[in-house]
Every structure is written in structure tokens, then in C-alpha cells.
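These protein sequence lines are chains A and B, in that order.
Mapping the first sequence onto my numbering, position 401 (from 1) lands on 401, and the numbers just tick up by one.
Mapping the second sequence onto my numbering, position 378 (from 1) lands on 378, and the numbers just tick up by one.
Some clues are possibly wrong.
Simulated pairs of lysine-lysine, DSBU-like, Cα-Cα distance not exceeding 35 angstroms [as the list claims (entries may be wrong)]:
| # | chain 1 | residue 1 | chain 2 | residue 2 |
| --- | --- | --- | --- | --- |
| 1 | A | K180 | B | K226 |
| 2 | A | K7 | A | K180 |
| 3 | A | K394 | A | K146 |
| 4 | B | K104 | A | K394 |
| 5 | A | K394 | A | K180 |
| 6 | A | K394 | B | K226 |
| 7 | A | K187 | B | K226 |
| 8 | A | K146 | B | K104 |
| 9 | A | K180 | B | K38 |
| 10 | B | K5 | A | K394 |
| 11 | A | K187 | A | K146 |
Keep in mind that the hints were calculated from the coordinates and are not lab data.
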Amino acid sequence: MSGQDFKPGSEEHLAEVLAHAIAAEQPLELIGRGSKRGFGRAMQTAGLLDLSGFSGIRMYEPDELVMSAGPATPLAEIEAALAAENQELAFEPPHMGHLQANAVTDGSIGGVFACNLAGPRRFRAGSARDHLLGFRGVSGRGEIFKSGGRVVKNVTGYDLCKLMCGSFGTLAAMTEVTFKVLPRAEKIWTVLAFGLSAEQAVQAMADAAGSPHDVSGLCHLPTEVAARSAVDFISGAGASVTAIRLEGPAPSVTHRATALKTMLAAVEGARPQGIEELHTHRSITFWREVRDVSPLLDGETVAGNPLWRLSVTPTDGARTMTGILDQVPGRGLMDWAGGQLWLALEPGAEDGGVDCIRSTMDGGHATLIRGAADLRARIPVFQPQPAPLAALTKRIKDGFDPRGVLNPGRMVEGV
Amino acid sequence: MQMPKPDEATIARRSDLVAAFRDFLPDAHVIVDEATLKAFESDGLTAYRQPPMIAVLPETTEEVSRILKLCRDWGVKVVPRGSGTSLSGGALPLADGVLLGLGKFNRVLEIDYDNRTATVQPGVTNLAITQAVEGEGFYYAPDPSSQIACSIGGNVAENSGGVHCLKYGLTTNNILGIEMVTIDGEILRIGGKHLDAEGYDLLGIMTGSEGLLGVVTEVTVRILRKPETVRALLVGFPTVEQGGDCVGRIIGAGIIPAGMEMMDRPAIHAAEAFCHAGYPLDVESILIIELDGPEAEVDHLTEVVSGICTACGAVSVRVSETEAERMNFWAGRKAAFPAVGRISPDYYCMDGTIPRRQLPLVLKRMSEMSEKYGLGVANVFHAGDGNLHPLILYDANAPGELERAEEFGSDILRLCVEVGGVLTGEHGVGVEKRDLMPEMFTEVDLNQQQRLKCAFDPDGLLNPGKVFPTLHRCAELGRMHIHRGQMPFPDLPRF
Ligand SMILES: Cc1cc2nc3c(=O)[nH]c(=O)nc-3n(C[C@H](O)[C@H](O)[C@H](O)COP(=O)(O)OP(=O)(O)OC[C@H]3O[C@@H](n4cnc5c(N)ncnc54)[C@H](O)[C@@H]3O)c2cc1C
Numbered sequence: 001m002s003g004q005d006f007k008p009g010s011e012e013h014l015a016e017v018l019a020h021a022i023a024a025e026q027p028l029e030l031i032g033r034g035s036k037r038g039f040g041r042a043m044q045t046a047g048l049l050d051l052s053g054f055s056g057i058r059m060y061e062p063d064e065l066v067m068s069a070g071p072a073t074p075l076a077e078i079e080a081a082l083a084a085e086n087q088e089l090a091f092e093p094p095h096m097g098h099l100q101a102n103a104v105t106d107g108s109i110g111g112v113f114a115c116n117l118a119g120p121r122r123f124r125a126g127s128a129r130d131h132l133l134g135f136r137g138v139s140g141r142g143e144i145f146k147s148g149g150r151v152v153k154n155v156t157g158y159d160l161c162k163l164m165c166g167s168f169g170t171l172a173a174m175t176e177v178t179f180k181v182l183p184r185a186e187k188i189w190t191v192l193a194f195g196l197s198a199e200q201a202v203q204a205m206a207d208a209a210g211s212p213h214d215v216s217g218l219c220h221l222p223t224e225v226a227a228r229s230a231v232d233f234i235s236g237a238g239a240s241v242t243a244i245r246l247e248g249p250a251p252s253v254t255h256r257a258t259a260l261k262t263m264l265a266a267v268e269g270a271r272p273q274g275i276e277e278l279h280t281h282r283s284i285t286f287w288r289e290v291r292d293v294s295p296l297l298d299g300e301t302v303a304g305n306p307l308w309r310l311s312v313t314p315t316d317g318a319r320t321m322t323g324i325l326d327q328v329p330g331r332g333l334m335d336w337a338g339g340q341l342w343l344a345l346e347p348g349a350e351d352g353g354v355d356c357i358r359s360t361m362d363g364g365h366a367t368l369i370r371g372a373a374d375l376r377a378r379i380p381v382f383q384p385q386p387a388p389l390a391a392l393t394k395r396i397k398d399g400f401d402p403r404g405v406l407n408p409g410r411m412v413e414g415v
Numbered sequence: 001m002q003m004p005k006p007d008e009a010t011i012a013r014r015s016d017l018v019a020a021f022r023d024f025l026p027d028a029h030v031i032v033d034e035a036t037l038k039a040f041e042s043d044g045l046t047a048y049r050q051p052p053m054i055a056v057l058p059e060t061t062e063e064v065s066r067i068l069k070l071c072r073d074w075g076v077k078v079v080p081r082g083s084g085t086s087l088s089g090g091a092l093p094l095a096d097g098v099l100l101g102l103g104k105f106n107r108v109l110e111i112d113y114d115n116r117t118a119t120v121q122p123g124v125t126n127l128a129i130t131q132a133v134e135g136e137g138f139y140y141a142p143d144p145s146s147q148i149a150c151s152i153g154g155n156v157a158e159n160s161g162g163v164h165c166l167k168y169g170l171t172t173n174n175i176l177g178i179e180m181v182t183i184d185g186e187i188l189r190i191g192g193k194h195l196d197a198e199g200y201d202l203l204g205i206m207t208g209s210e211g212l213l214g215v216v217t218e219v220t221v222r223i224l225r226k227p228e229t230v231r232a233l234l235v236g237f238p239t240v241e242q243g244g245d246c247v248g249r250i251i252g253a254g255i256i257p258a259g260m261e262m263m264d265r266p267a268i269h270a271a272e273a274f275c276h277a278g279y280p281l282d283v284e285s286i287l288i289i290e291l292d293g294p295e296a297e298v299d300h301l302t303e304v305v306s307g308i309c310t311a312c313g314a315v316s317v318r319v320s321e322t323e324a325e326r327m328n329f330w331a332g333r334k335a336a337f338p339a340v341g342r343i344s345p346d347y348y349c350m351d352g353t354i355p356r357r358q359l360p361l362v363l364k365r366m367s368e369m370s371e372k373y374g375l376g377v378a379n380v381f382h383a384g385d386g387n388l389h390p391l392i393l394y395d396a397n398a399p400g401e402l403e404r405a406e407e408f409g410s411d412i413l414r415l416c417v418e419v420g421g422v423l424t425g426e427h428g429v430g431v432e433k434r435d436l437m438p439e440m441f442t443e444v445d446l447n448q449q450q451r452l453k454c455a456f457d458p459d460g461l462l463n464p465g466k467v468f469p470t471l472h473r474c475a476e477l478g479r480m481h482i483h484r485g486q487m488p489f490p491d492l493p494r495f
């Protein structure tokens, strides 16, 4: 299919472009900075809608904990501005540029919201969807609209911010996002337990999550994955590593680290081979790795190597991960106390492991985050929904983009 | 406030409808007698009253499904109701509508400590969830002041908050899954014990949808371990500005307290007279700042926060020494509504949110309005997140005062929007703020929201007359005006 590419410079131009696309029945692929073009189903779009014109921080009020930016603003630019004020995006969005075969760029803030991405702090701090306060955009009807605002407490009308998060550009092209930001912790420590099995780790993580020690990261790296870490303490362990993050004011963190170590040493039937702690600098490096799943990828950028993300009931994490990796060769790690599994499978399986993954899971969902285009065209990249939910999804899409001009088929066929 | 015109044909079929309900519901669960129906005539916004045509009280999801399907087939409107504490008239019945009460859905279904979740029926009260898990040291974080009465289903429908949502979020940040029934009678499960959605975030959309999209029949919430230590500071300031400034400085110092509430002089005096909490009476504003966490952290932060308060010009800083003292600090704030109820025959509670730094301006403009309308106003304020609760004092028996109070309230909300805020922070739009929606949204914005409604309820049978000032037919909203012809911006950059 051939068609035109567009790069509007203003909201009005964008509305005109979409009006034209609607009239010409020309579906468009939306891109911000292009770091996630390989995420989602392979599409048949006639042209590109390049939104890079909507870039730049428009408002930042640190004492009000709020920032507004053009969606194409590089995530790195946002993070640098926040760091200068000792603030951050509490949901720790992963940087996904390195997952691309040609490692094009790093991502944009709009892409983070459109894909509803979040890192290790998700189970405590929420996801991207919990931080988007407002947006402006143009619907697939070619109409400029907005929702939400700039304040956290807001129940005025439906919460369309939630709907935009995780809609992968299938409902509207956003032109501005306004989101909540939070102070960075003063101190970040990580308590490590070595040598736990996946099952034991899940129990230890559940205990830690249910403790009063206010943990903000809970992950488990099997031995061969830990070995690929850039943090010496972890790569040199020669054992699996279960990591628990503590953040806050210094006196609080040291107190909690002591309490947690005592707690871990007493995990029944699961005596760790050792307990260590990482201090702030190494902790930051380590959790960044977990966030971006780099230890799983081992520096390789082979797009043909499927990478899956599973969201499951945390206590079912170990069973699910082991069950899948027993059947298809690959590596995995558990985050979110077992609630999020990352699986990098060996290339080869005709279906990218999809059948095995979805039949081993008991609830939750599995998404192919990276895979060759032909694989993404062949299998359902997103977890298929029961018919009534799928029909509702389609009706929602029709209300925003009745002619299917915005990223059609990116999530599921017909949406 | 105009409600949709009752449909006489529907009212004429009332007894047929009752018979159809009694086909599958026990007689006692289909309420038709006037006296009992009157009990449902209003919610927490008592200025509006309207008994429903019929009230039904199902006990199972299957019954809810049959009720909705029947109403859809018969073209009858439905108003869901939890505990009826809404302050925006969200559960106000319709003369030609069925009121669907969820009070019988009152069971806690499952508690899973390892995954930190509780699954309950929608009629369970907010406080009952905490009570069910506190034996093991857990709690459910969002805590609206109405928590002994309001239902979790109502909380989901209104996306309710509480004094602790500054640190722990609103309802929407604390629920993981629901079971719901659509107007077609279809039973849907959204989410569960895992995080995030596999597709569009329907859980996020249902939360705060004010009973317009579906009926929630089960809720899975996230429960949290109780913090080791909780301590409150009661701080008095000579001016409102200093109190407001202090809030910004605490947050600016990187501290997010568990709660940070502010009261102005009229509210302080009313609360003190009502419950003798020991509030200072010679100040213009007080802040109640709650800190929680491990003891080492709370000790540390108490010191830092006290220092900031003193630097901001606080004239008194008291730190709770015991749990009883902490509860006492809160007693006045939590009883602010009834306390104001004692100094005025009636009061009208507003709920706008503003960017925090606009507080001094907004309070000044509010006191000017108070003079203009000749009505007093007392302010309690979720200061940490800018959510104002001005309480307008009036006397419903004095001719014209209710109308004046309503106009005063509307002016306050317009002001909130003008300074960059919103019409409602946690109480919902309901009927109360429905006609103010155009202050915040264009027609295009509102139509887009209604198209979402159409995806769930194409005939507009669920809670009509709430939220949207003008109701459009879905067919009309679905129409597209396509401009055919030349590419209108030939000079657009392309590549
Ligand atoms: C004294 C007082 C203090 C309050 N304090 C606060 C506060 O601090 N924070 C706050 O946020 N709110 C507060 N409220 C408002 C109110 O308590 C909340 O909005 C609450 O969530 C309403 O719950 P409910 O069960 O009473 O719902 P109802 O009043 O019965 O209904 C509210 C809305 O929800 C819908 N609904 C109810 N149940 C369902 C269901 N199962 N499925 C679908 N829709 C449903 C109804 O149709 C209606 O639109 C207060 C109210 C009072 C009276």
C-alpha cells in the first residue's frame, strides 16, 4: 500500500491531516520517536503520521508535582529536567529503544503513556495510567478534544486518561500530556538473598511485600540471568538473586534493611546462601537493568528472538515461569513480587511460544513485546479477550476512530 | 435542575414490570409501596428528591443480569444505588425508573494476604474491608469520611478519595479487578489479582463512571500492610497564606505526608465547639499533617516537617504523643461537616480542586463572594492535593437562600476552573454539577465522552440525567462529517 506521510506542526494541522486521512480512507501509523515501532501487531498502513513536532516541556511546577509536555518529548529529556529538581516519574518507565533491531532512538513520553509502561515500582507506585492527569489530542474523527486536567484529584467526567494509556495510538493522536511527578528518594538500598529457588523467592517476596517495611522493588533473577548483570555483586554471586528495594530517608532505609535481613534469614525451609545489601549507586544501576530487562537480553538485538511480558497473580509467578521454560528454551526473570514475568525465548519455535505461554498461564495476560514482523503478523501479540470484551473494545474504538485511520490493527484486528 | 421528562407509557406499565421482576425475584425484593420507596428518594444531596417508580434489591449477579436485561428489553431506565451517600445526586432516582439497590451484596468473598488483595461484593462498606483484614495488620487505603456507610461499589462508581489519598491514591489506584453487568445483562470480568489490562483500560474507565456504564457486582481491592508508626502534627498559622505556603514547602522538600489537611478559622471554630479537639482558636488556619512508616522514618520526618512549619511562621506546632491524641487531632477534621451543621441550619458542601498555589487567591475571592451572597462559608481542604471543600452556610427555610447558596457554589466551581482546576475532586458530577460541565469542557469534549457511554449503553438507560448536560442520541453522535476534496494544507511539511 502506498500513501502519504505527514508531519503536522500544530494541533490544527493535525486535525486537517486526520480529516484528510478519513476522507481518503488512508490509515496511518502514528510515531513519536519510533522506539516502539516493533511493539504491537504488524500493521498495513498507507502512511506515517510523524508526531515529532509535538515535542518539548511546556510546564513544570516542581512544588505542585506536575509537568506538561508534548508527547514526542524524549523520555530522557523529561527525566533530566526532573532529576535537576530531585524528582522523577515514580512509575519508572522502561527504556525500550534497545529492544529494536536497529536501536533507533530512545522513547518519548507520549509512547510511555500510549503503551502504559511501568518498571519495578509498579506494584507500589502504579503504572503510567496512574500518573497521567490530562491530555489533549485529535480523535480519529478529526476533532480536537481534551480530558482531565493538571490536578490529581479530579472526577469530572469519564477518566479518558486511563483509556488513552495502553490504547497504543488506536483512539487519538495526543498533542499534549500532563502528568504527576514525585520526589526522588534520598537513599536507595537493595537487600539481596542468594540461592533461593523461584518458588522460595515468590514466598519471600510475598512476605516482604506484606511486611511493614514499605518495599519498592521485588524481583528474582535465576542464576544464569543474574550472571549477566552489570553489577559485580550480582553477576559474581554464582547463584540466583532475589532483590528487595528500600527507598526513603536515610535513617528509615538503614532501619528497614536490618529488619528485612533478619526476616529473610528466617524464611522457613528457604535459607538463603547469603544475604547482602547494595547501596545507592549500585542499586540504581541494578534496578535500571531490571526495568529495561537488559540482563535477559545479553546485549543481543536480534529482533527474531521473542521477548514476552506476562502479568499474573504474583504467587503464581514461579509456577508459570518454570512451567513455560520447561517446555520452550529461553530465560526469564520475575518482577513485581512474581506478578510480572519477562521471558526471552530462543528463536525457533514456529509460534514464538505463544501457545505454551498462554496455556500454562492461569489468568492474567501475556504480551509479545518484541518479535519478528512475520511473527507479529501471525500470532495475537496481545492477550485475546473473551468475545463480549472484544466486542466492547471494538465499540469503544468506533466511538473514537470510526474509519480506522489511527494505528488500525496495532492491538487486534479490526481495532 | 431539569431531569429527563418521565415517560408516561413506562409508568403506565409499572404493574406489568413488577410482575415480570417477581417472576425471578422474591416479592419482598421488589419494592412498590410508597412508604418504602420514599426511603430511596434522595442520596447525600438532599436538596433533590424523587421516589423511584420501583426499587429492586437483587442478591446475586445472575439476578442483576436478569434485571438489566429486562429493563433493556422494556426500555426502562435504571439507577444503581449503593449506600446512598453520594453528595452529587448520583443515586437520585427517576420517576419512570427502576432503582437497583446493591445493599444485599454485603459479603467479603476472599482475602488473599500473600497477594495482598481482598475480593468483596459491592455493598460491603469501605470500612468493613479494613475491618476484615486489620486482624492480620492490613488495611484498605482510600478512606472517605463517609467510610462507615458508603459502599465499595459506590466508591468505584465515584472514584472516591479520602484524607490519605495524597500518599496512597484514590479508589482508581487501589482496585485490581471488578465483575460488572452491562445493560444487556452481559456479565464481564475485568482485571483480577494481576496488574494492568490486556487491552483498553476498562477498569480505569469504570472507576468514576457514576453508574452510567454498568453495574459493579464484585470488586477486588489492593490491601496494604499497616504502617508501624503513625503520627500527626497539629499546626496553627496566623494567616491562611502561610498555611498554604507551608504545604508547598513540605512537598518541595521531597516529603509526601500520608495526609495533609487544612481548615480555616470558621471551620476551626465550628469543629472545636463541636468536639473539643483542642484546636488553637487564635489562628487563621491549621494544618493536620500525618506521617506514617517505620518509627525511624516518622521520627526523622517529624523533625524535618516541624522545622519547615516553624520556618513558615507557625505559631503552634503540636506532635501527637499517643494514638488517642492523634485521633483527637483528627476528630475535629472528621466531624467538620456535622460541626458546621450545628452552627448553621443547612450547609452545602462543594468539592472543587485547584492547583495548590492558587489557594490564597481562591480564598480571597471566596470571601468576596461570601459577602456578595450574604452567606457564610467555612473551608476544609485536602491541602496536599488541592481539593477544596467549602461549606456554604444557609437556611433552607429562608426564602431564596437555597438558590443563593447554589449560585454561590457554582461561582466557586467556576473560579476553580478559571485558576486551572476542576469542578469536582471526589464527589462526582451527578446532577449537581451536570450543568456546569461546559465550564470545563467543549461540546466536542463532552460528545467524545458520550460516545464512550454509547459503547456501553447505546439506549442511554443507565442513570440518565446525570453527568451530561445535554443528552444526544448515539446514532447522532456516531455520524461523521467528512470533508472531501483537496488536501487542505498543501504547505504542510511532508517527507
Ligand atoms: C458525610 C459525608 C462525607 C463524605 N466524605 C467523602 C470523602 O471524604 N471522600 C469522597 O470521595 N466522598 C465522600 N463522600 C461522598 C460519598 O460517600 C462517596 O461518593 C461514596 O463513594 C458513595 O458511595 P455510596 O455507596 O453511598 O454510593 P451511592 O450514593 O449509593 O451512589 C453513588 C453513585 O454510584 C453509583 N453506584 C453505586 N453503587 C454502584 C454499583 N455497584 N455499580 C455501579 N454504580 C453504582 C450510583 O448510581 C451513583 O451514581 C461523603 C459523603 C458524606 C455524606
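Hints versus structure:
1. K180(A) to K226(B): holds (25 angstroms)
2. K7(A) to K180(A): Given pair K7(A), K180(A) holds - Cα atoms ~28 angstroms apart, limit 35 angstroms.
3. K394(A) to K146(A): holds (21 angstroms)
4. K104(B) to K394(A): holds (34 angstroms)
5. K394(A) to K180(A): holds (30 angstroms)
6. K394(A) to K226(B): Violated. K394(A) to K226(B) sits at ~42 angstroms, over the 35 angstroms cutoff.
7. K187(A) to K226(B): holds (22 angstroms)
8. K146(A) to K104(B): violated (39 angstroms)
9. K180(A) to K38(B): The hint is violated at about 44 angstroms.
10. K5(B) to K394(A): Between K5(B) and K394(A) the Cα gap is close to 32 angstroms, so the pair holds against 35 angstroms.
11. K187(A) to K146(A): Violated: K187(A) and K146(A) sit about 38 angstroms apart, past 35 angstroms.
Figure legend: structure checked against the earlier numbered hints; hints not met, in rising order: 6, 8, 9 and 11.
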